[in-house]
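Given the sequences, and given the hints that come with them, work out the whole structure.
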Amino acid sequence: MGDVGRTPEPSTEDDSLVFYNPRSFSDVLASPDADIEMTDTVVEKPPYWLTDANHRMREAYYLVQTLAKGVKDLRADQKEELEKLYRGMTRAYNTLEGLCAQHLEFTDTQVAHFQKYILEASLEFSQNVWGTVARLTNDA
55 MGDVGRTPEP STEDDSLVFY NPRSFSDVLA SPDADIEMTD TVVEKPPYWL TDANHRMREA
115 YYLVQTLAKG VKDLRADQKE ELEKLYRGMT RAYNTLEGLC AQHLEFTDTQ VAHFQKYILE
175 ASLEFSQNVW GTVARLTNDA
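With my numbering, you'll find the sequence shown wraps up at 194, consecutive numbering, no jumps.
Just so you know, the hints here were simulated from the structure itself, not pulled from any lab data.
Hints may contain errors.
[What the hints assert, rightly or not] Derived Cβ-Cβ restraints for the label pairs, each shown as a range:
#1 Glu-159 <-> Ser-85: 29 to 39 Å
#2 Asp-131 <-> Ser-78: 35 to 45 Å
#3 Gln-164 <-> Lys-99: 11 to 21 Å
#4 His-157 <-> Met-92: 16 to 26 Å
Yeah, the Cβ is synthetic: ideal placement off N, Cα and C, and Gly gets one too.
Given below as structure tokens:
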């Protein structure tokens, strides 16, 4: 998995990954201009799958920001569905961050599980966000 460690300051070097601390869906909707925060969990020389998971979490956060800034008529049922998908993704991502913070090594099975889950969750979330935006745009 690479060397996993905790530092008081997020690393900015190209060969390290700093985990995000994504806010809740409702918090992002309420304050869409606030950037995603960083944790102090850093992975030196991260494998591709971990970098991809980090990127997908950042993209999901950006999608919520985009939704909050561009969609004013989000129905309660639409919000509930999107929030559920986002929460599932952040839960898996936060679990991954917690394991890395504890310096745990991942088995091939765990890597495959996280990789598959985060990939599928991010794709489903993205499709639902853009589908919601398209429906609301067509209804306007």
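These are the hints, each one checked on the structure:
no.	hint	in the structure
1	Glu-159 <-> Ser-85: 29 to 39 Å	37 Å, holds
2	Asp-131 <-> Ser-78: 35 to 45 Å	18 Å, violated
3	Gln-164 <-> Lys-99: 11 to 21 Å	19 Å, holds
4	His-157 <-> Met-92: 16 to 26 Å	19 Å, holds
Consistency note: the structure conflicts with earlier hint 2 alone.
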